[in-house]
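Visitor: Sequence:
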Amino acid sequence: MINYDSLYFLLQETNLKDWSNRLPDQIQQGLSVKRWGDLPKWYTILEKLPTIQASYMNLNNNAIQIGHSDDCSNTTRTQLKKQLLQLQPWRKGPFEIFGLELETEWRSDFKWSRLAPYIDLRDKFVLDVGCANGYYGWRMLGAGARTVIGLDPSPRYVLQWQALRQYLGDLPSYVLPLRFEDFPMNTHAFDTVFSMGVLYHRRSPLDHLLQLKAALKPTGELILETLVVTGEKGRTLMPKNRYAKMPNVWFIPSIETLISWLEKLGYSNIEVLNTNTTTTDEQRTTAWMTYESLAQFLDPKDKRYTIEGYPAPVRGLILAKV
Numbered sequence: 001m002i003n004y005d006s007l008y009f010l011l012q013e014t015n016l017k018d019w020s021n022r023l024p025d026q027i028q029q030g031l032s033v034k035r036w037g038d039l040p041k042w043y044t045i046l047e048k049l050p051t052i053q054a055s056y057m058n059l060n061n062n063a064i065q066i067g068h069s070d071d072c073s074n075t076t077r078t079q080l081k082k083q084l085l086q087l088q089p090w091r092k093g094p095f096e097i098f099g100l101e102l103e104t105e106w107r108s109d110f111k112w113s114r115l116a117p118y119i120d121l122r123d124k125f126v127l128d129v130g131c132a133n134g135y136y137g138w139r140m141l142g143a144g145a146r147t148v149i150g151l152d153p154s155p156r157y158v159l160q161w162q163a164l165r166q167y168l169g170d171l172p173s174y175v176l177p178l179r180f181e182d183f184p185m186n187t188h189a190f191d192t193v194f195s196m197g198v199l200y201h202r203r204s205p206l207d208h209l210l211q212l213k214a215a216l217k218p219t220g221e222l223i224l225e226t227l228v229v230t231g232e233k234g235r236t237l238m239p240k241n242r243y244a245k246m247p248n249v250w251f252i253p254s255i256e257t258l259i260s261w262l263e264k265l266g267y268s269n270i271e272v273l274n275t276n277t278t279t280t281d282e283q284r285t286t287a288w289m290t291y292e293s294l295a296q297f298l299d300p301k302d303k304r305y306t307i308e309g310y311p312a313p314v315r316g317l318i319l320a321k322v
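Per the numbering used here, numbering through the sequence shown is continuous, rising by one, with the last residue being 322.
These aren't lab readings, by the way, just hints derived from the structure by calculation.
As the structure is a computational prediction, the values presented were derived from the model and not from experiment.
Please note that the accuracy of each hint is not assured.
[To be verified] So the derived label-pair ranges between C-beta atoms look like this:
#, residue 1, residue 2, range
1, Lys48, Asp170, 28 to 36 Å
2, Glu13, Gly234, 39 to 47 Å
3, Arg146, Asn241, 39 to 47 Å
4, Glu13, Lys48, 31 to 39 Å
5, Thr280, Glu256, 47 to 55 Å
6, Gln12, Ser113, 29 to 37 Å
7, Glu256, Glu13, 40 to 48 Å
8, Met246, Asp207, 18 to 26 Å
9, Ala295, Arg146, 38 to 46 Å
10, Pro40, Glu256, 47 to 55 Å
11, Asp207, Tyr118, 24 to 32 Å
[Claimed, not checked] Listed next, the in silico DMTMM-like pairs over lysine to aspartate or glutamate satisfying Cα-Cα at most 25 Å (straight line):
#, residue 1, residue 2
12, Lys217, Asp182
13, Lys245, Asp191
14, Lys303, Asp281
15, Lys124, Glu181
16, Lys264, Asp299
17, Lys81, Glu101
18, Lys41, Glu103
19, Lys217, Glu181
20, Lys213, Glu263
21, Lys321, Glu256
22, Lys41, Asp5
23, Lys81, Asp70
24, Lys82, Glu103
25, Lys217, Glu263
26, Lys82, Glu96
27, Lys233, Glu256
28, Lys48, Asp38
29, Lys301, Glu282
30, Lys48, Glu96
31, Lys303, Glu282
32, Lys233, Glu271
33, Lys213, Asp191
34, Lys213, Glu181
35, Lys245, Glu282
36, Lys303, Glu292
37, Lys217, Asp191
38, Lys321, Asp182
39, Lys124, Asp170
40, Lys17, Asp182
Cβ coordinates follow ideal geometry from the N, Cα and C atoms, glycine included.
Taking the hints into account, I'd like the entire structure generated from these sequences.
Guide: What follows is the structure in structure tokens.
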């Protein structure tokens, strides 16, 4: 099992103390072998990772750097690659581990570069909802965050985080095998809450935005990134079945609609930081994610549309205050 003792200790000094007492049971349920039959295999992969001492780390590089290539032999690096490949698909990154380039599906550093100029995370207590393998959590630490708690219900991503953590050490950025719905309501605990790539997967986007608000301190800020469509206030795309081959996309609002939702729920100082059309440079198939990706999700005759005929993915990045 993964050791979260340092997190439990940290939470004792916050108003999440009561939750920390329930958290071990939640983690055990989230990593239940009865629910996730591949877990024993994934744990074995972790056990077979070679022991290497990292002489260096850089959390501020586009590809998070762990160690130097001369920290291990070529044979050991080959063993490392063999084990890490078995944890694919690797979605968020990239990483550079002892000279091994781990090229993930998403160039998550592109999004971080669009966001970083607008945020100040120094000494902040941060929640990252839908964090995947924790790439952004480490970037947040690199930007000065005090502690980052990430939530993602996929145990594969949790074990990817743990695999990298074996070399990064017990840094105060955590990935928990939980849905946001498993998180207690009205904690008002965090300085900054991130929800990136989550809102359109929610049947009730307004409830999601309310729950995010309830996790923030009275002086806190929300970083929201989601799919958007072009259009005036009131326009929202609700795909009939799939969107870009994703089965669980519910609502894709226009920027003006999204702002009106946030205003309705009591957010203030709402800023649109960026809108960006996703390209195949940013989302692609790699040796570390060999399944279909954006190139297969778009109309082969007209890249302005998805394979289903909807507008191609555009993402909006918004900052809002409580």
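Visitor: Next step is simple, just say for each hint if it's right about the structure.
Guide: Now the hints, each set against the structure:
1. Lys48 - Asp170: 28 to 36 Å: At 21 Å between Cβs, range violated.
2. Glu13 - Gly234: 39 to 47 Å: 45 Å, holds
3. Arg146 - Asn241: 39 to 47 Å: With Cβ atoms ~43 Å apart, the hint holds.
4. Glu13 - Lys48: 31 to 39 Å: With Cβ atoms ~36 Å apart, the hint holds.
5. Thr280 - Glu256: 47 to 55 Å: Since Thr280 and Glu256 have Cβ atoms about 28 Å apart, the given range 47 to 55 Å is violated.
6. Gln12 - Ser113: 29 to 37 Å: 36 Å, holds
7. Glu256 - Glu13: 40 to 48 Å: 41 Å, holds
8. Met246 - Asp207: 18 to 26 Å: Given range 18 to 26 Å: holds, Cβ gap about 20 Å.
9. Ala295 - Arg146: 38 to 46 Å: 39 Å, holds
10. Pro40 - Glu256: 47 to 55 Å: 49 Å, holds
11. Asp207 - Tyr118: 24 to 32 Å: 26 Å, holds
12. Lys217 - Asp182: Holds: Lys217 and Asp182 sit about 19 Å apart, inside 25 Å.
13. Lys245 - Asp191: This hinted pair is violated, its Cα atoms lying about 35 Å apart.
14. Lys303 - Asp281: Within the cut-off at roughly 14 Å; holds.
15. Lys124 - Glu181: 23 Å, holds
16. Lys264 - Asp299: 36 Å, violated
17. Lys81 - Glu101: Roughly 9 Å between the alpha carbons, so the hint for Lys81 and Glu101 holds.
18. Lys41 - Glu103: 23 Å, holds
19. Lys217 - Glu181: Within the cut-off at roughly 19 Å; holds.
20. Lys213 - Glu263: 12 Å, holds
21. Lys321 - Glu256: OK: Lys321 and Glu256 at ~17 Å, within 25 Å.
22. Lys41 - Asp5: It holds: about 24 Å lies between the C-alpha atoms, which stays within 25 Å.
23. Lys81 - Asp70: With Cα atoms ~15 Å apart, Lys81 and Asp70 stay inside 25 Å; holds.
24. Lys82 - Glu103: 14 Å, holds
25. Lys217 - Glu263: 18 Å, holds
26. Lys82 - Glu96: 15 Å, holds
27. Lys233 - Glu256: 5 Å, holds
28. Lys48 - Asp38: 16 Å, holds
29. Lys301 - Glu282: Distance of about 20 Å is within 25 Å: holds.
30. Lys48 - Glu96: Status holds; Cα separation ~19 Å.
31. Lys303 - Glu282: Holds. Lys303 to Glu282 sits at ~15 Å (cutoff 25 Å).
32. Lys233 - Glu271: Satisfied, since the Cα-Cα distance of roughly 16 Å is no more than 25 Å.
33. Lys213 - Asp191: The given pair, whose Cα atoms are some 11 Å apart, holds under the 25 Å limit.
34. Lys213 - Glu181: Measuring from Cα to Cα gives roughly 14 Å; hence the hint holds.
35. Lys245 - Glu282: 17 Å, holds
36. Lys303 - Glu292: 16 Å, holds
37. Lys217 - Asp191: Roughly 6 Å between the alpha carbons, so the hint for Lys217 and Asp191 holds.
38. Lys321 - Asp182: Satisfied, since the Cα-Cα distance of roughly 24 Å is no more than 25 Å.
39. Lys124 - Asp170: Within the cut-off at roughly 18 Å; holds.
40. Lys17 - Asp182: 16 Å, holds
Going through the hint list in order, the structure does not satisfy hints 1, 5, 13 and 16.
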